[in-house]
Amino acid sequence: MIHLRDVSYVRLGTRDLEGATRYATAILGLEVAERGHGAAYFKSDQREHTLCYFEGDPADQVVAFEVDTRAELDAAGAELERLGHPVHRGTAGEAQQRKVRDFIGFRDPTGNRIELVWRPQMSARRYHGTRDAGITGFSHVGLCTTDAARDEAFWTSVCNARVSDRIGDAPLLRIDEVHHKIALFPTTRAGIQHINHQVASADDVQRSLHHLRGHGIPVVFGPGRHPTSGARFLYFEGPDGMVYEYSSGVSSIADELLYRERQFEFAPPGFCMWGAEPQIREFRK
Amino acid sequence: MSIVIEQLRYVVLGTRDLEAAARFAGAELGLQALPPGTGEQAFRSDERQYSLVYSSAAPRRHAVGLELRDEAALLAALQALQARGIAAARDATLAARRNVRALAAFTTPGGLCLELVVRPQNQGWRFFPARDSGVAGLAALALRSTDVAADEALLVDLFGLQVRDWIGDAAYLGMDAAHHRLALFPAAAAGVLAVEFEVQGLDQVMQQYHRLRALPQAVAHGPGRRPVSGQAFVTFAGPDAVYYSFVAEGERIDAASARRPRQFAMRADAHCAWGSDCAIAELVAGAAVQRPSLRGVPSA
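These protein sequence lines map, in sequence, to chains A and B.
Start counting the first sequence at 1; every next residue gets the next number (the numbering used here).
Start counting the second sequence at 1001; every next residue gets the next number (the numbering used here).
These are computed hints drawn from the structure, not numbers from a lab.
Positions of the beta carbon are idealized from the N, C-alpha and C atoms, including for glycine.
Be careful, since some hints might not be right.
[Unchecked claim] Here's a subset of chain B near chain A, in silico, CB distances under 8 Å, partners left out:
# : residue
1 : F1128
2 : R1131
3 : D1132
Generate coordinates for the entire structure from the input sequences, incorporating the hints supplied.
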C-alpha cells in the first residue's frame, strides 16, 4: 500500500509563461516564489511552492503527492512496476526543479501523470498573496478518469485513499482528515480537471466572485455550496482551459471507523445545495 | 460634559518629497496606499480608512488627529480651550479633507498641532498590507514638545488622558488598555519624533531589524524591550527626520486596576531592557536636543 501523506504540488505546461504568471498572481492571488529557467513557482501556503507553470505543452500536467520515507518511495516504485505502471526515477536535476529530495513519476490507469515526492521543501517565510484573496493553501485536485470504478480501485487499493462520498460514479477521495484531496471525474481524456485553493471564509469566496467578474474571468460554477463536503465554492477559468476553484469550510472526517460514504446524484443538486448550475463539462451529463 | 479623547486617530506628516515618503510607507512599513490626493498621500494600517497622511504642503508641519465622541464633546472642548486662552476653531474645509464629520484644530502650549475630530471613517474591507510586514495598526506617537509640563497638564486635565509613566521629564500618556498612545519628549521644536506601529509579534520586530541591518544608518534604537511598557521594539529612521517603530507584546492595562504612574530616570536602561544602542537624541540624558535640520527647508 502506497501511503500518500498529502497533495504536494501541480506542474502545468504553458505556451505563455508570462500570461500564466500574470493570472496566477493578479487574478488567483498567489505569490511568486521563484522565476527563471523557463518556469515560475508559486506559493500559496507555508510550502516553498504548490504550483509551477513551465514553458511547454499545456497538456503536460502533473500532480504530486508526498510520501514519508525514501524506503516507501522505493517500495512504491517496485509495487507500481509489478502492477504494470512504468516508473520513472527522478534525476537529481529533476528533483531540484521540483524542490524535493527525491521522486518517482508514473501514470495512473487513466494516464494521468502522478509524482510521488520525498521531502518537499518548506518555506521559512509565510505566504503573502499578491492580492487579498484570503488563500490559506493549495488543497486538492480533480483528476480526469476514463473509468471511475477502475481508478477508484487503483487509488483506494494500491494507495491509501478512502472514498468520502460519490457524486454518481465520481468518487471524492481523502488521504487524511480533509473530506477530499483527490476527486475523479468521468470524461474521455487524461489530465487535471480542476485545482482547488482553500480560502479563509465564505466572505473571501464571495469577494473573489466580484474581483473575477471585474477582470472578465469566466465564472463556470457558483458561488455555491457542495452538499458533499459542505464547502462554499467558486469555480472559474484559468489559462489553457484549466479550471480553478476557491472554497472554504470543507468538512473533516476525524473518525474513520464511524464515517460512512454517501451517494449523491450526478446532477446539479449533487454538486450544489444552493441551486447553482455547473458550466463545467465534467460536472454535466 | 466630559471631554474624553477616545482614540489616537491619525498622524499627518509634512514631507519634502511625497513620492519618496510614499515609497517608504509601502516598501518599508508595508502600509496600504489610498488613491492619491492633491499634494497628499494617505495610508491604511488597520480597520481605519487611513492612519498616516503625508502632505507636501508644508514640510515641517506635523498634525495629530484625536477622536472625540460627538459634536457636543467638540463644542465643550472649544469652550474649554478658549477659557485657557488657546485659540481653536472649527474648520469645515479641513474636516472635508480628513473625511470626518467635524474638526477643530489648535496648537498646544508646547507647539503641537492637534486636530480634534468627530466620526472619522472606518473601512469595510480589511487592511491588506503592501508587503508582509505584520503591521496590525497605528499604536502610538512619540512627540517633541517645547513645554512638556504644560502639554501634559492640558491633555490630562482637559482631555482625560492618564499619565502612565515618566522617564525623566518625558511623559507617557494613555487613553485605553495600551500602555501609552502619546509620549511627550522635551525638545527645542515641536513635532512628531516617532510613529509607532503595532506588529503581530516579536517575529515581525526582529524580521524588520534584519531587513534594515544592511543599512548602517537605518536602525536608530533596538531591537529591545521597553521596561516602562513591556513592548518589544525596533526604531528606524524614515523620511524627513521622523523615526518609525515597530512594537509588539506591550503591557495591557486593566481600567479597573489601581495603577499609579511610575518615575524612571532618563537613562539608557529606562528605554531598553536589553541594552541596545540608541541614536535618538531625545532619549539620551543630557544630549543637546536640536530641531532636526531638513536640507532645503529653513530652520526658523
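Hints versus structure:
no. : hint  : in the structure
1   : F1128 : 4 Å, holds
2   : R1131 : 7 Å, holds
3   : D1132 : 4 Å, holds
Hint compliance for this structure: no hint is broken.
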